[in-house]
Amino acid sequence: MTDLAWIEGAITAARPQAMAALLRYFREMDAAEEAFQDACLRALKTWPKNGPPRDPTAWLIMVGRNAAIDAVRKSSRNTVLPPEELLSDLEDAEAEAAERLDGSHYRDDVLRLLFICCHPDLPATQQIALALRIVSGLSVREIARAFLVSEAAMEQRITRAKAKIGAGEASFEAPGPIERAERFAAVAAMLYLVFNEGYSASGKAVEARGGLCDEAIRLARLLLRLFPAEPEMMGLTALLLIQHARSDARFDADGDAILLEDQDRSLWNRKMIGEGLALIDKAMLKRAPGPYQVQAAIAALHARAAKPEDTDWVEIDQLYAVLERMQPSPVVTLNRAVAVAKVRGPEAALEMIEPLGARLDGYFHFHGARGAFLLQAGRQADARQAFDRAISLANTAAEAANIRQYLDRVSADAKKTSS
Amino acid sequence: MLYAILCYNQEDVICAWSKEHEDGVMQKLGVVQERLSREGRLGPVARLMPTTAATTLRKDREPALVLDGPFAETKEQLLGFYVVDCDGLDGALEIAKDLGKANPGGSYEIRPIALFQPGAFSGAVGA
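These protein sequences, in sequence, are chains A and B.
Just so you know, our numbering puts 207 at position 207 of the first sequence, and the rest follows in order with no gaps.
Count along the second sequence from 1, add 419, and you get the number used in our numbering.
The following label-pair restraints were derived from C-beta to C-beta distances:
(1) Lys494(B) to Leu285(A): 24 to 30 Å
(2) Asp281(A) to Lys520(B): 32 to 38 Å
(3) Ala185(A) to Glu492(B): 22 to 28 Å
None of these hints come from the bench; they were simulated from the model.
Positions of the beta carbon are idealized from the N, C-alpha and C atoms, including for glycine.
Construct the complete structure from the given sequences, taking the supplied hints into account.
Listed below in structure tokens is the structure:
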């Protein structure tokens, strides 16, 4: 049973760890990629014949390393490893060899590989493209499709990004606790970017980019397996799972976005929500709250409400207040105002967002939310103005269409009052 | 005689499955399960969440220690189990082979059950 589908799955699964270990050996991205490619080719040749190795990742690392070492004829300085044809379950030489592969370094290897992709000089889109290419092993064509650019343009972008990171700058020593925490934060932010790249897609792009959400979750789970006691990693993974659980309910038949309140909650993926809730439960035991855990907890409160009116807005308001303290940002305050409007009414929400006007004046969602609060407060004329401003700032046709629904409501209300 | 069929596989491989592949496997497993069910040979079935959702309680000390992750770090992880009723090991192996054809890869541990209490759940219970 070593069919091609299985081999493909095993290689995909092994890629982040194998690439990460090979990068530690070669300290050079292109060499690591070449070695990994080489190992994959040999796997395709050997595995169907000898059966699958017990530890495909260790196999790929060893064979990749050997192949590269052979190629540069450095064998005298390295331990001679058995050729891959001899590595089979029968001999179990592999288990012993895997032992020699510094298993304990795996976790920091993977973290480092992801961290290298988060180079601060790289714009977010390049970080994402690089991570998808190097860590996930997506083809340039697949990545280009997700970003709606030509293959040649994406190839160039990735080449330039690779040149910039140079791979040599990240330390190859095992990181200390502070450095590890810093790497963690950068990597978590990057994974969230990958996720949002998929999550923010609408219309036709959903098909091309939806896979990025799954990929971000896969990498988050991988990191969590390597660092099982990191509460923020639990929080991030939970947040991604709960958000992604809604994907079947987020768009109507025309591909237009459906607001959380109006979504058919029976379409939410209960399995993903369940896993998200389980992770939040675990994270809470650590008593070390962080922004991802708080955001996951907010998402969880929405997920727990069977009907929109069951939503615990008081708790959501409080959680946003915590998030505001941890990560002050006008966008967080704007989100909090939505909860405040539910709990204390639209006037309180308007009061809360008033000071944000200067900073969020060019932000579509600010004017959309403000219009909705004004409408609730019965100030139709002001609401209309806010909605008009929102439409002028809309990034997509779907966003504009959404606001037009509100405007129609204003007009309908106006007609009612005048007749 | 009751046997537990404990399902071990590499979790990171399963997590890398596409939705189509996953749906295909579940559909094929469903066919086997339905047949076993009709024959009255299938008891409780459980699919476990990924080990990242697991917590371990070390109770050999006081106070007990709560640890993150699964009890054992293994190359293949315990991902689910079946309880089946058959005359002997031959029958249990045959069932395991049928399930294995529907879901290749990994291993099944076939373990005779010493004590079984069906519990109070009825019907499928989700997360």
